[in-house]
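Protein sequence lines correspond, in order, to chains A and B.
Using this note's numbering, you'd call the opening residue of the first sequence number 1 and step up by one each time.
Using this note's numbering, you'd call the opening residue of the second sequence number 1001 and step up by one each time.
Honestly, I wouldn't trust all of these hints.
[As the list claims (entries may be wrong)] Pairs of lysine-lysine, DSBU-like flavour, derived with a Cα cap of 35 Å:
(1) A:208 / A:179
(2) A:12 / A:126
(3) A:113 / A:179
(4) B:1097 / B:1320
(5) B:1069 / A:130
(6) B:1100 / B:1144
(7) B:1097 / A:130
(8) B:1069 / A:12
(9) A:126 / A:113
(10) B:1144 / B:1097
(11) A:113 / A:130
(12) A:12 / A:208
(13) B:1372 / B:1100
(14) A:126 / A:19
(15) B:1372 / A:19
(16) B:1069 / B:1144
(17) A:208 / A:182
(18) A:182 / B:1372
(19) A:208 / B:1100
(20) A:208 / B:1287
(21) A:19 / B:1287
(22) A:12 / B:1287
(23) A:126 / B:1144
[What the hints assert, rightly or not] With beta-carbon atoms standing in for the labels, derived distance ranges:
(24) B:1251 / A:114: 44 to 54 Å
(25) A:272 / B:1210: 38 to 48 Å
(26) B:1033 / A:125: 56 to 66 Å
(27) B:1286 / A:23: 36 to 46 Å
(28) A:216 / B:1293: 50 to 60 Å
(29) B:1293 / A:23: 40 to 50 Å
(30) A:56 / B:1208: 12 to 22 Å
(31) A:199 / B:1210: 20 to 30 Å
(32) A:10 / B:1210: 45 to 55 Å
(33) A:78 / B:1357: 25 to 35 Å
(34) A:18 / B:1353: 23 to 33 Å
(35) B:1286 / A:161: 23 to 33 Å
(36) A:78 / B:1286: 28 to 38 Å
Hints listed in this document are in silico derivations from the structure and should not be mistaken for laboratory results.
Beta carbons: idealized from backbone N, C-alpha and C, even for Gly.
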Amino acid sequence: MPNTILTAANLKKYYAGTKAVDDVSIELMEGEILAILGPNGAGKTTTLEMLEGLRQPDSGTIGFFEENWGPSQVQVKERIGVQLQSSSFFRYLNVRETLELFRGLYANQVPVKELIAVMSLEEKEKTLVKNLSGGQLQRLALAVALVNDPRLIFLDEPTTGLDPQARRSHWETVLDLRKRGKTIILTTHYMEEAEYLADRIIIMDHGKIVASGTLDELISSIGAQNYISFRIPGMSELPAQLSGLQGIEHGEGDGFCLQTDDVTKDLASLFELAQAQDFKLDDIRVRRPDLDDVFLRITGHTLRD
Amino acid sequence: MRFWRFTRSFFLAEIREFEVVFWSIVFPLLLYVFLSAVLGGNGKAGGMSFNLGVVRNSTSAVGTMAISKTLDAVTGSEGPFVATPFASLEEALEQMKSGKQDVVAELGGELIPSSQSFPVRLHSISGKESSQVATNILELVFDKANLEVARLSDHGFKGIVIDTQAVAGSASSRSVDYKDYLFPSVALMMMLSVALLNSPLSLGFYRSSGTNRKIFTTPLRPLEFFAAHLVKLLITMLISLTLLYAMAWFIYGVRDGIFGLGFFLTLLLGMLSLISIGLVIAAIASKESSVMVIGQICYQIMMFMGGFFFPVMDLPWSVKWLVYLVPTTYLVELLRRGMGIQTMEMATIWLVTVPLAWMLISAGVFSLNFRKVMGHA
């Protein structure tokens, strides 16, 4: 049974009377990756910054490593690593100097050479921060978060702004960190990121936790096993002949979606109906429900809205 | 150890920025060279004129007309002298010793008894360049007047007899070379640039870019970050001042008083009071653009109203109140007095008190806004 590494209870944060975070409670187990997923403005970053000690919650408690987060901040900070949403370093220091600087602030120090190797920054060792690309900056930011060999790592939207290749590479690094026993809590608004990386997912909207659990738990919570999506060219409304199918919904334009627990049976029914009624089916796809479906079902809007 | 390592990197990151080096170090030095070249050529602050104290000892009619004509010629609108009459020699010499007169001409009297010559004694300050130059000019002028007298043969008048006498000057009467006059100004300009522009700009940038926030996720405390910022500013100021000293010493031969304890203490007072004001700018301006505007306005006012380059005590009251308000007026005068130059009538205690008051009030205002400036919730 893994240890609890962080406990946050009933966190609340207000900005000018508006609730940014509303009664959020989180428990993080050692060695897991926990993703906080939500659209922009959901309160993910504020929640994370309260956990990192950058913001004081208006109410609620946070406990780390069996210690209260507050008076003994320095001891806690020695054991955590943080990658902020927009990490800005000293522009006129190079990669090595930046790592040396941050490393020097901790009692426990990972050799700079090792950090540079882990983050594949060898070729950029002498490059000034101001001359790094977005992906290289993110790698540096993650390297800086590791300078003290932390037990717990906070990653705030770690791949925002990266191209798909750089994002994939970043994901692999994060998974590698988990293999090395690190506990990671990250925020993201990319559901693919949460799906790919996280052991557990917390979904936030308007400052509240609206769902949490493993990916399978979240998906099964909405009751659907699969979706059959298809188009009927020229048909912008659900034809009466199809309305008898249970779980069918009209999507965008001439697109439709059939929620099903038995793909074979419902697909056969759909073909039969189409043949009998002389509909032309196009772009037929069968897919598993994803976090967007979960989010849509719970909040009534998609993550991308 | 952690603090010093951080300060070192912090300083390194800043000193590599072209803007910091240019505005804090290069520009003031260039200005020193430029202004010294343009205005320092005559060896006199404030223009091509000498102050001439005139003491008339006798009513002897002999040669009076020749003397009067000669003095009129050199003290007129085209002449290089500004004459001030004195009732007694003692008073005139006292004024000369305090630096307000460059030379005193004592006219007539029983200097050369029973003679048909008109005696003139020129009193100068030993070791004061402007005094020596003024005396030499007057000697040449009177020699020329004698040639004219000889040509006209005025009722047996044999001419003007010139006698020169050098007296020792007080500390404040030493030669006022424009390069000396400028030295405290350039030193303060360097401090102003670091304190009012670099400091609030860098604090604003690190706050808005999130560098502060990243630092505060580490064990380094906000107070340590601030202390490192202060040390970084002081080091930058010390480097720029060292270069200024080297330039002043080796190129311009500025020597007097600049290595005195009082001078160093005034520099320290200047650094601390100006840094405090810069921190207030960082506290009241939330954006970098606002910092730039407020910083520049304060910089320009403190520079021009502080009397860095020209005398400011004769300005109209509509702007003169600024002269009394800004701390640089007092700092530059205090530094100049350390070099033996006095440009305004004010007790030394005020020259110390006003910058000190600025420092304490500014530090108080900043400490109330510390968390805001540091970007630490």
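The hints, checked one at a time:
no.	hint	verdict
1	A:208 / A:179	31 Å, holds
2	A:12 / A:126	43 Å, violated
3	A:113 / A:179	21 Å, holds
4	B:1097 / B:1320	28 Å, holds
5	B:1069 / A:130	73 Å, violated
6	B:1100 / B:1144	27 Å, holds
7	B:1097 / A:130	59 Å, violated
8	B:1069 / A:12	92 Å, violated
9	A:126 / A:113	12 Å, holds
10	B:1144 / B:1097	28 Å, holds
11	A:113 / A:130	21 Å, holds
12	A:12 / A:208	10 Å, holds
13	B:1372 / B:1100	51 Å, violated
14	A:126 / A:19	45 Å, violated
15	B:1372 / A:19	22 Å, holds
16	B:1069 / B:1144	12 Å, holds
17	A:208 / A:182	27 Å, holds
18	A:182 / B:1372	34 Å, holds
19	A:208 / B:1100	78 Å, violated
20	A:208 / B:1287	32 Å, holds
21	A:19 / B:1287	26 Å, holds
22	A:12 / B:1287	29 Å, holds
23	A:126 / B:1144	74 Å, violated
24	B:1251 / A:114: 44 to 54 Å	51 Å, holds
25	A:272 / B:1210: 38 to 48 Å	59 Å, violated
26	B:1033 / A:125: 56 to 66 Å	40 Å, violated
27	B:1286 / A:23: 36 to 46 Å	31 Å, violated
28	A:216 / B:1293: 50 to 60 Å	57 Å, holds
29	B:1293 / A:23: 40 to 50 Å	43 Å, holds
30	A:56 / B:1208: 12 to 22 Å	21 Å, holds
31	A:199 / B:1210: 20 to 30 Å	29 Å, holds
32	A:10 / B:1210: 45 to 55 Å	28 Å, violated
33	A:78 / B:1357: 25 to 35 Å	43 Å, violated
34	A:18 / B:1353: 23 to 33 Å	48 Å, violated
35	B:1286 / A:161: 23 to 33 Å	25 Å, holds
36	A:78 / B:1286: 28 to 38 Å	32 Å, holds
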